[in-house]
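> Chains as they are written, first to last, in UniProt numbering: chain A, 1 to 219; chain B, 1 to 219.
No lab work stands behind these hints, which were simulated from the structure alone.
In this text, all values refer to a predicted model and were calculated from it rather than measured experimentally.
Mixed in with the good hints there might be a few duds.
If chains are identical, the list can't say which one is meant, so a pair holds when it fits in one copy or spans any two.
[Said to hold, decoys possible] BS3-like mimics (lysine-lysine), calculated; alpha carbons at most 25 Å apart, straight line:
id	residue 1	residue 2
1	K62	K142
2	K215	K53
3	K52	K105
4	K204	K53
5	K117	K52
6	K126	K81
7	K40	K215
Number of protein chains: 2
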Amino acid sequence: MADEVVLLDFWPSPFGIRLRIALAEKGIVYEYKEEDVWNKSPLLLQMNPVHKKIPVLIHNGKPVSESLIALQYIDEVWNHKAPLLPSDSYLRAQARFWADFVDKKIFEIGRQLWATKGEEQNAAIKEFLDYIGVLERELGDKPFFGGDTLGFVDVTLISHYRWFLVYEKFGNFSVEAEHPEFIAWVKRCMEKESVSKSLPEQEKVYDYAMLLRKKFGIE
Amino acid sequence: MADEVVLLDFWPSPFGIRLRIALAEKGIVYEYKEEDVWNKSPLLLQMNPVHKKIPVLIHNGKPVSESLIALQYIDEVWNHKAPLLPSDSYLRAQARFWADFVDKKIFEIGRQLWATKGEEQNAAIKEFLDYIGVLERELGDKPFFGGDTLGFVDVTLISHYRWFLVYEKFGNFSVEAEHPEFIAWVKRCMEKESVSKSLPEQEKVYDYAMLLRKKFGIE
C-alpha cells in the first residue's frame, strides 16, 4: 500500500510550518488541508479530539498530534533520507532539549511582542533577545544546530522566523543588530528549498498579526 | 568504564519521581543527590544553566535535563531491560502524546487544587476530574497504558499520585468515587516495587503542601 499522508494545517502556524519543512526534507508527497482555526472542521475535531489543534499529521488514516511529536514520528518513519535527530542517544537528548526550549520560550514571549505595549513590551523584547543569545551560543561555530546539516532544532526554530520579522516591526528592534550570527544561521536555512518554500509570504504574516491585534482589541 | 549515574532531585517532585521509577525498573545503581530548591547548589546551576531546575540526570559527567527527555534517554541507553516506549513508531508517538498531555494538563491544574479556594477551586476540581476521565478512557481495558507492562505513560502519570491525595484532601473530593478504574490502575502500579519505593511518604507530601500554602500566603 502506498503511504497516504495528509496534513491538517493553518498557513501562518510555526507548528505547522515545521512539519511542512520536515516532509519536504524527506521528499514525502502529501495532501495539505487548510483549516479555519476559528471554525474547526469535523475532521480536525475527530483527528485531535483532545487538544482540537492543528497541525495534525494523518498517516494512512491514523493521526499524530503535537508538532514535536509529529516531527519525531516523521523522522522515525521516513528515516531513509535527511535524518533530523542524531543517532547518538546523548546528542538526541540534547536536540530534544533545545527543541523543547524553543517551544517553551520563543512562542509565548513572541506573542507578548505583538500583543503588548510600553514597559511590558520592552521587558518582552529584552527576554526575547536573551533567548536568541542563548540559542546563538548553543549554535556556536556549527553551520546548523544539527551540525553540518539541517536537524531537529533547526526545523523547530526556523519555523518561527516569519514571525520574528513581525516582532521586530511591532517592537522596533533588530535581531540582526544584536545577534548577527543568529541571522547568518537563518540565511543558511533559507537557502534550502525545503525551508524557503514552506514559509508563508512575509507580508501576509504581518497582515495576519495586524488582524489578530484588532481582534484582541490591541490599539 | 562503569557507568556513573547521578540524579539531582528534590524528594516531592513528580518530575524527579518518574526518573527514580525508571532507574529502578532498569536496575540502574545511581547516586541520589537531594537539592534544596530554595537554595540551589552550584552543581545544579552548572548542570542545568538554562532552566536551573531539578531533576537532572548526570550520566558519566554529562547532564540531561527536562524529565520526559531524561526518561527517553534512560530508556534508550539502558534498553536491555523493561522497555518503556513501544518499538512501533506509531505507538511510540501515542505514548509521547499522552505523556505530554500529563505534563501539560495534570501538574498545572493540580497546583490550582491546593493553591486556590471557592469557585476557582471548584472549577479546577471539575477540570482535573475531566482529565482523569480522558486518561481512564485511554487506558480502557488494558492493565497499563503500556499494555501488559508498565510503560512511558504509566511512569509519567503515577509519579503525580502522591499529590493526588493532597488534591483530594484540600478539594474534598474522591478520584475513586468518580473514576474507580483509574484507581484500580494506580493500585496495579503500586504493586510494583520500582513504583512504591520511589514515592515519598504520603504524610510528608501533605505537610509539604501545607508549608507551600503558608509560604504563598494561602489561608
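> State whether the alpha carbon distance between K126 and K81 is at most 25 Å within one copy, between copies, both, or neither.
For K126 and K81, neither the intra-copy (39 Å) nor the inter-copy (46 Å) Cα distance is at most 25 Å.
> Tell me, please, which holds for K52 and K105 at an alpha-carbon limit of 25 Å: within, between, both or neither?
both (22 Å within a copy, 14 Å between copies)
> For the identical chains here, do K117 and K52 meet the 25 Å Cα criterion within one copy, between copies, both, or neither?
neither (30 Å within a copy, 29 Å between copies)
> For K204 vs K53, is the C-alpha pair at or below 25 Å within one copy, between two copies, both, or neither?
This pair counts as within: shortest intra-copy Cα distance 21 Å, inter-copy 39 Å.
> Measure nothing new, just compare the shortest in-copy and cross-copy C-alpha distances for K40 and K215 to 25 Å and report within, between, both or neither.
So K40 and K215 pass the 25 Å test inside one copy only (18 Å; across, 43 Å).
> Regarding K215 and K53, is the shortest C-alpha distance of 25 Å or less found within a copy, between copies, in both, or in neither?
within (19 Å within a copy, 37 Å between copies)
> One pair to classify: K62 and K142, alpha carbons no more than 25 Å apart. Within, between, both, or neither?
Between copies only: 20 Å across chains, 37 Å inside a chain, cut-off 25 Å.
In summary, the numbered hints that this structure violates are 5 and 6.
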